[in-house]
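Q: Residue numbers (this note's numbering), protein chains in the order written: chain A, 381 to 468; chain B, 312 to 669; chain C, 8 to 406.
Everything labelled a hint here was simulated from the structure, so no lab data went into it.
Where hints are given, some of them may not hold.
Unchecked claim - DSS-like, lysine-lysine: derived pairs with alpha carbons at most 25 Å apart:
1) 441(A) <-> 210(C)
2) 490(B) <-> 123(C)
3) 468(A) <-> 354(B)
4) 490(B) <-> 210(C)
5) 450(A) <-> 388(A)
6) 130(C) <-> 491(B)
7) 441(A) <-> 130(C)
Said to hold, decoys possible - Ranges of calculated distance between the beta carbons of each label pair, as one might list FRET restraints:
8) 446(A) <-> 360(B): 21 to 31 Å
9) 385(C) <-> 327(B): 44 to 54 Å
10) 360(B) <-> 447(A): 45 to 55 Å
11) 377(C) <-> 443(A): 30 to 40 Å
12) 185(C) <-> 563(B): 12 to 22 Å
13) 413(B) <-> 412(A): 30 to 40 Å
14) 447(A) <-> 322(C): 48 to 58 Å
15) 104(C) <-> 567(B): 50 to 60 Å
Said to hold, decoys possible - Some chain A residues well away from chain C (every beta-carbon gap over 12 Å; in silico):
16) 420
17) 421
18) 424
19) 427
20) 437
21) 438
22) 456
23) 459
24) 468
Built from N, CA and C at the ideal position, the CB exists for glycine as well.
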Amino acid sequence: MQDLQDLKQTLKVQIIESLNLQGMTPDEIDDNAPLFGEGLGLDSIDSLELMVLLERNYGIKIEDAREGRKAMESVNAMTQYISEHRTK
Amino acid sequence: MSPLYILASSCISPQPSFLCDDLRMDIRCTENNMLHCLEPDFKNYINPVQIRRMSRALKIGYATAISCLNQNPEIVPEAILIGTGKGCLEDTEHFLHSIKEYNETALNATHFIHSTYNQLNGMIALNKKISSYNMTFVHRGFSFEHSLMDAALLFEEDKIDTALAGSFDEMTLEHFTVKKHWGYWKKEDIRSLDLISSHTDGTISGEGSAFYMLSRLKPEHPVAAIKHIAPLYRPSNDDIAEAVDNILQIHSLKKEDIDFVLSGKNGDAKYETSYQHVGQLFGNTQKLYFKHLCGEYDTATSFACWLASKILTTQFVPDYLFDTTETKQAIPKKVRHILIYNNYFDLNQSLILLSLEE
Amino acid sequence: MAARIIVSGMGILTSLGKGVEANHHKLSNAIHGLSSLDFLSTNHSHSFPFGEIKKDTRELLEDAAISTNKGFSRTAALGISAVREAFMQARIPLDHQLKIGLINATSVGGMCEVEKYYFDILKTPDLFAEYSDTIDCADCTHRIADHFHIKHFVTTISTACSSSANAIMLGARLVNQGTIDIAVCGGTDALTRFTINGFNALKNIDKNHCRPFDADRNGLNLGEGAAYIIIEKESTCALRSAEPLAQISGYCNYNEAFHPTAPNPEGQGAYEVMHRALAKANLTIDDIDYINAHGTATLTNDESESNAMKRLFIKLPRFSSTKSFTGHTLAAAGAVEAVFSINAILKRCVYANLNFKTPMPGTLLIPQLRYEENIRMQHVMSNSFAFGGNNASLIFSKL
Chain A
381 MQDLQDLKQT
391 LKVQIIESLN
401 LQGMTPDEID
411 DNAPLFGEGL
421 GLDSIDSLEL
431 MVLLERNYGI
441 KIEDAREGRK
451 AMESVNAMTQ
461 YISEHRTK
Chain B
312 MSPLYILASS
322 CISPQPSFLC
332 DDLRMDIRCT
342 ENNMLHCLEP
352 DFKNYINPVQ
362 IRRMSRALKI
372 GYATAISCLN
382 QNPEIVPEAI
392 LIGTGKGCLE
402 DTEHFLHSIK
412 EYNETALNAT
422 HFIHSTYNQL
432 NGMIALNKKI
442 SSYNMTFVHR
452 GFSFEHSLMD
462 AALLFEEDKI
472 DTALAGSFDE
482 MTLEHFTVKK
492 HWGYWKKEDI
502 RSLDLISSHT
512 DGTISGEGSA
522 FYMLSRLKPE
532 HPVAAIKHIA
542 PLYRPSNDDI
552 AEAVDNILQI
562 HSLKKEDIDF
572 VLSGKNGDAK
582 YETSYQHVGQ
592 LFGNTQKLYF
602 KHLCGEYDTA
612 TSFACWLASK
622 ILTTQFVPDY
632 LFDTTETKQA
642 IPKKVRHILI
652 YNNYFDLNQS
662 LILLSLEE
Chain C
8 MAARIIVSGM
18 GILTSLGKGV
28 EANHHKLSNA
38 IHGLSSLDFL
48 STNHSHSFPF
58 GEIKKDTREL
68 LEDAAISTNK
78 GFSRTAALGI
88 SAVREAFMQA
98 RIPLDHQLKI
108 GLINATSVGG
118 MCEVEKYYFD
128 ILKTPDLFAE
138 YSDTIDCADC
148 THRIADHFHI
158 KHFVTTISTA
168 CSSSANAIML
178 GARLVNQGTI
188 DIAVCGGTDA
198 LTRFTINGFN
208 ALKNIDKNHC
218 RPFDADRNGL
228 NLGEGAAYII
238 IEKESTCALR
248 SAEPLAQISG
258 YCNYNEAFHP
268 TAPNPEGQGA
278 YEVMHRALAK
288 ANLTIDDIDY
298 INAHGTATLT
308 NDESESNAMK
318 RLFIKLPRFS
328 STKSFTGHTL
338 AAAGAVEAVF
348 SINAILKRCV
358 YANLNFKTPM
368 PGTLLIPQLR
378 YEENIRMQHV
388 MSNSFAFGGN
398 NASLIFSKL
């Protein structure tokens, strides 16, 4: 379980870095809050950036935009998805 | 053409021109052949979600446009017309590098999106909800001129009353370095303020953004108006002389009526003769200069227009626009007409007439 | 009454072939121009189908009778080839003394060459001085202008995928207002690694042949090409005994201010721009016989465009996306499709929309499925929609 917790922390740092969320700390990102729309307020261009993050850091290639949306619903969903699909 | 009455303007440049109303600026000087924009606090103009993705050129262009719009919050322009020679160069370079670095896989789309030349047009329209005619001109030394011409054309044909027109261009270190090898910039480092009196090959690089809220109808108060734009493609000296005569004739002016020729002279020996030629056409008319303030770039005439419009409305002619090595003529009691002449590497040359309309 | 603005010449080069007739031949026989890449070097050569012109840049330049290839980009070569055909049809001699303007459109400009050498240029710029100004959009325009002795008005427009539709519109306006007598309007874009990787990063390239307006469409195919039309008043056309081909009767440029890259799914912007182009042409919805749709086959465009067409036209005219033949030629697309639209009027024909099987559940629209001739073709609408909400619509009419 600790591993998942670590992964979640690392992921938050990566999200802040890749989306250039200036002035935001990992603790400010709610694990369950939606990343898009309400919640963190990200948009469709961010979702493309997050897919790049997944591919570069975890070797996960999402071909279908709709599947991508689901995998990236929240930080918790992303952590889960990474732990199940990662190739590196 | 239909006159373009300037209701508001805004300018980000290497000088403290942003939010400056009267040209009383503390002029900056560099010594590395490069003039970079003084950047305002962008957070005042751009929302936090967008700013994190925007590159320098977009931020500069966007803040300039928004601050121009903010001066007349009641006006929603009926067209957005932007000229840029190189667009968001930094994004273009960034995407080229990442194609190589990541070997054509897993690339960020943002830099690609921003490398499209109409990004700033779209962003202004989107954020300000301006659904209208929207155009991007990307033709080097004509980019800004053609934006203005399109505004005049729209005023004549569609009876729209207002348009936002402007320009933006940036210089990156990478592009500067390459162009240095290609002889665009001076081999020796010079003080930017000494540019005009320099006679060696090459110039200094510049960048900037200026935006104008243009009106078809003359407001009640005195304003500066852009009365004529003549873009000249690879003109001969005769072509230029003919264009000057044509402008004077159309506006019923004599050469002596032109109070100042605002010259785009850029200190590059290769282009000195063309500036001399236009200087001679106007005999003793006082020449003013601007490239030592903003550097050379595709849309530098947009900075010149900003200077000229401010001179006309404030009637203040700052000392920093004169070449101290030339004899200074008496300043006219009332400045009414300023003619800008610019030569972009012989290819794109232009004449722009601005007048005070009372 | 204002003088009619007409088209007196057309020129085109796409993956379907060189010249209007070659393109028509493929279009009318349902032969597409998509393939894997043979000339452009990229890791994606075999990942996607492309509308690639099967000649290297040197051959293209030879075709265009350009002896030196110093600094000439592929976009310039494509452009010169297409303008030459248009000049011939409009009977404009190469040594003309006419007041001609060139309104060119491109999105990649010289990037097609610069990207090949970019890192070498950074290392040893001195060896690449001939490309000193090739990185921007104006370079190819200058090359075309100089080749055809065009001086009076020379400009470049870049509003992404609607660029050359906007070039045509500006040309018509400049001729109408009298700034120039003749406008050479169109666009040129070569395939580049830059755009292929860009659209791939946006995740909207289909691995298979694109399926415009199909429920199961999955993105666009990229193509390259150039197309130009000659625009003038009937009176100047008559001076050279050139034959007017069609009238430019309506146009509109309208930004929908919805999203940085995606259109409004309801099609609000697409609706407005078509509606306003009709109003400008003084036509009603019943007058339009065919719509050459933007139809990129991306999820968002086709949904948006379908909704807009359905809302505007009570009885929808025939429509198709010829991008299923050529791929999306980006800044050239508006002019490529303007040539197809005018040719549809001249030949009283309508081109098919390839690869369509299933209507979209929301609109149930079915595009033109096969090539047909001998049909009424009085007025044709051509749509071009772009990044940044830059929408454009043109209407061409039979003379």
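Q: Now, for every hint given, state plainly whether the structure supports it.
A: So, going through the hints one by one against the coordinates:
| no. | hint | result |
| --- | --- | --- |
| 1 | 441(A) <-> 210(C) | 11 Å, holds |
| 2 | 490(B) <-> 123(C) | 18 Å, holds |
| 3 | 468(A) <-> 354(B) | 38 Å, violated |
| 4 | 490(B) <-> 210(C) | 34 Å, violated |
| 5 | 450(A) <-> 388(A) | 17 Å, holds |
| 6 | 130(C) <-> 491(B) | 13 Å, holds |
| 7 | 441(A) <-> 130(C) | 34 Å, violated |
| 8 | 446(A) <-> 360(B): 21 to 31 Å | 23 Å, holds |
| 9 | 385(C) <-> 327(B): 44 to 54 Å | 60 Å, violated |
| 10 | 360(B) <-> 447(A): 45 to 55 Å | 25 Å, violated |
| 11 | 377(C) <-> 443(A): 30 to 40 Å | 32 Å, holds |
| 12 | 185(C) <-> 563(B): 12 to 22 Å | 20 Å, holds |
| 13 | 413(B) <-> 412(A): 30 to 40 Å | 32 Å, holds |
| 14 | 447(A) <-> 322(C): 48 to 58 Å | 39 Å, violated |
| 15 | 104(C) <-> 567(B): 50 to 60 Å | 35 Å, violated |
| 16 | 420 | 18 Å, holds |
| 17 | 421 | 15 Å, holds |
| 18 | 424 | 7 Å, violated |
| 19 | 427 | 9 Å, violated |
| 20 | 437 | 16 Å, holds |
| 21 | 438 | 17 Å, holds |
| 22 | 456 | 24 Å, holds |
| 23 | 459 | 22 Å, holds |
| 24 | 468 | 20 Å, holds |
Of the hints listed earlier, those the structure fails to meet are numbers 3, 4, 7, 9, 10, 14, 15, 18 and 19, in rising order.
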